[in-house]
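Top line first, the protein sequences correspond to chains A and B. Per this note's numbering, the very first residue in the first sequence carries number 1; after that it's consecutive. Per this note's numbering, the very first residue in the second sequence carries number 1; after that it's consecutive.
Worth flagging that the hints you see were computed from the coordinates, not collected in a lab. A few of these clues could be false.
Going by beta-carbon spacing under 10 Å, a handful of chain A positions derived as facing chain B [said to hold, decoys possible]:
1. P4
2. A13
3. I20
4. R37
5. R42
6. L43
7. L51
8. T64
9. I68
10. P88
11. T187
12. Q190
Every residue, glycine too, gets a C-beta built ideally from N, C-alpha and C.
There are 2 protein chains.
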Amino acid sequence: MSTPSSLESLIEALRCLPGIGPKSAQRMAYHLLQRDRKGAQRLADALQHALAAIRHCERCNTLTEAEICERCTSPKRDATLLCVVETPVDMNMMEQTHAYSGLYYVIMGRVSPLDGIGPRELQLERLLARACDGVVQEVILATNYTNEGEATAHYLSEMLKSRDIHVTRIARGVPVGGELEYVDAGTLAQAVRERRSLAE
Amino acid sequence: MSTPSSLESLIEALRCLPGIGPKSAQRMAYHLLQRDRKGAQRLADALQHALAAIRHCERCNTLTEAEICERCTSPKRDATLLCVVETPVDMNMMEQTHAYSGLYYVIMGRVSPLDGIGPRELQLERLLARACDGVVQEVILATNYTNEGEATAHYLSEMLKSRDIHVTRIARGVPVGGELEYVDAGTLAQAVRERRSLAE
Numbered sequence: 001m002s003t004p005s006s007l008e009s010l011i012e013a014l015r016c017l018p019g020i021g022p023k024s025a026q027r028m029a030y031h032l033l034q035r036d037r038k039g040a041q042r043l044a045d046a047l048q049h050a051l052a053a054i055r056h057c058e059r060c061n062t063l064t065e066a067e068i069c070e071r072c073t074s075p076k077r078d079a080t081l082l083c084v085v086e087t088p089v090d091m092n093m094m095e096q097t098h099a100y101s102g103l104y105y106v107i108m109g110r111v112s113p114l115d116g117i118g119p120r121e122l123q124l125e126r127l128l129a130r131a132c133d134g135v136v137q138e139v140i141l142a143t144n145y146t147n148e149g150e151a152t153a154h155y156l157s158e159m160l161k162s163r164d165i166h167v168t169r170i171a172r173g174v175p176v177g178g179e180l181e182y183v184d185a186g187t188l189a190q191a192v193r194e195r196r197s198l199a200e
Numbered sequence: 001m002s003t004p005s006s007l008e009s010l011i012e013a014l015r016c017l018p019g020i021g022p023k024s025a026q027r028m029a030y031h032l033l034q035r036d037r038k039g040a041q042r043l044a045d046a047l048q049h050a051l052a053a054i055r056h057c058e059r060c061n062t063l064t065e066a067e068i069c070e071r072c073t074s075p076k077r078d079a080t081l082l083c084v085v086e087t088p089v090d091m092n093m094m095e096q097t098h099a100y101s102g103l104y105y106v107i108m109g110r111v112s113p114l115d116g117i118g119p120r121e122l123q124l125e126r127l128l129a130r131a132c133d134g135v136v137q138e139v140i141l142a143t144n145y146t147n148e149g150e151a152t153a154h155y156l157s158e159m160l161k162s163r164d165i166h167v168t169r170i171a172r173g174v175p176v177g178g179e180l181e182y183v184d185a186g187t188l189a190q191a192v193r194e195r196r197s198l199a200e
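With the hints as extra help, turn the sequences into a complete structure.
Take a look at the structure:
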């Protein structure tokens, strides 16, 4: 073998990145060492720094550098509303809508029995404790409308209802600007089933 | 903004990897911090270690941890043959054929005027010095049969011929196991033009 062992270790280490197989990892390693040693150094430093600095917010569980994140400490947010999302990216999407000004809880995942991820792995009792702080009046479930997101929402709603917490789920239906002709049948079927009265 | 700055720096740093855009970099950063902190630490260490340990072989220019790589110091290799390849991966491909037992020179790139990479950037004078050591009797050009690989081979052959060094180029033609019906016309045209006499 002529591949230096530290190069092999780097190729192996790059495979921890999601979606990167052996061929891509090899290409990345050679690229970094041949063409972008500065970038490689920056990446090593950024990883080190992020690992040291980033932790979970004690209230909403998102990634943050503070004990409690900026959003959770903001006096401008409506603390009676708690929106549950799967990931920090989903939280950012919600924020971009400007349609919500309450607080969040980030599960950091979803119930997924096939991957061995159940309620215990997700530490959902922390969410329960958060929702039962006496201030929260409504928990809005904004997990994905995938099978796993739905299973998570179902589990959470059962868990929260047993504590007499008002639980809602974000609506599903035809997307804004969507034409019926191009919407899939499943979405359309749900949109019919969950039709709302215009009198409300 | 609620994204911690060290997270933003990590996302930015991940974009130095080839083929990774902003969305993938974000997904990777969240994956590492949420699900694989050990992997992230291993990657940081592997980068650091590879940057410190890996350099270019003084004889063949490949990536190595020694001053002169294992292959260049091996007494089993035929030092009268020097095969020029674009990258260490190409060198590994050549080795896997078991059809070559000479030495190598790795250009670490190719002439590519559009990317501003000319003979000077590739330090091709180092290859010339290597080929003129008095032991090498034949230089085999094994750059790719792409436009850039061809341009590189052309430049090298002119450079080496002016020093009276015997230069050859790996053959091109119909692949082994290839059927004429499925070979592209360009390859077939070359295979006809470069037909060899069976008397030889």
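### Task
May I ask you to test the interface hint for A:R42 with respect to chain B, counting a Cβ-Cβ separation under 10 Å as satisfied?
holds (5 Å)
### Interface hint compliance - A:Q190 to chain B, C-beta minimum distance less than 10 Å
This interface hint is violated because 28 Å lies over the 10 Å limit.
### Message
The hint names A:I68 as touching chain B; please verify it with the least Cβ-Cβ distance against 10 Å.
### Response
Interface hint status for A:I68: violated (12 Å vs cutoff 10 Å).
### Interface hint compliance - A:I20 to chain B, C-beta minimum distance less than 10 Å
holds (8 Å)
### Query
For the hint on A:L43, does the least C-beta distance to chain B fall short of 10 Å?
holds (4 Å)
### Query
Any CB of chain B closer than 10 Å to the CB of A:L51?
A:L51 check passes; min Cβ-Cβ to chain B is 6 Å, inside 10 Å.
#### Entry: Evaluation of the interface hint that places A:A13 against chain B, nearest CB under 10 Å
With a minimum Cβ separation of about 4 Å from chain B (threshold 10 Å), the hint on A:A13 holds.
### Hint validity - A:R37 Cβ closer than 10 Å to any chain B Cβ
holds (6 Å)
### Message
Given a cut of 10 Å on the nearest C-beta pair, is the interface hint for A:P88 held or broken against chain B?
### Response
holds (6 Å)
### Query
Holds or violated: A:T64 as interface residue toward chain B, Cβ cutoff 10 Å?
holds (6 Å)
### Task
Go through the hint on A:P4 and say holds or violated, using the shortest Cβ distance to chain B against 10 Å.
holds (4 Å)
### Query
Measuring from the C-beta of A:T187 to each C-beta in chain B, is the shortest one below 10 Å?
Since the shortest Cβ distance to chain B is 24 Å, the answer is violated.
This entry does not satisfy hints 9, 11, 12, going by the numbered hints stated previously.
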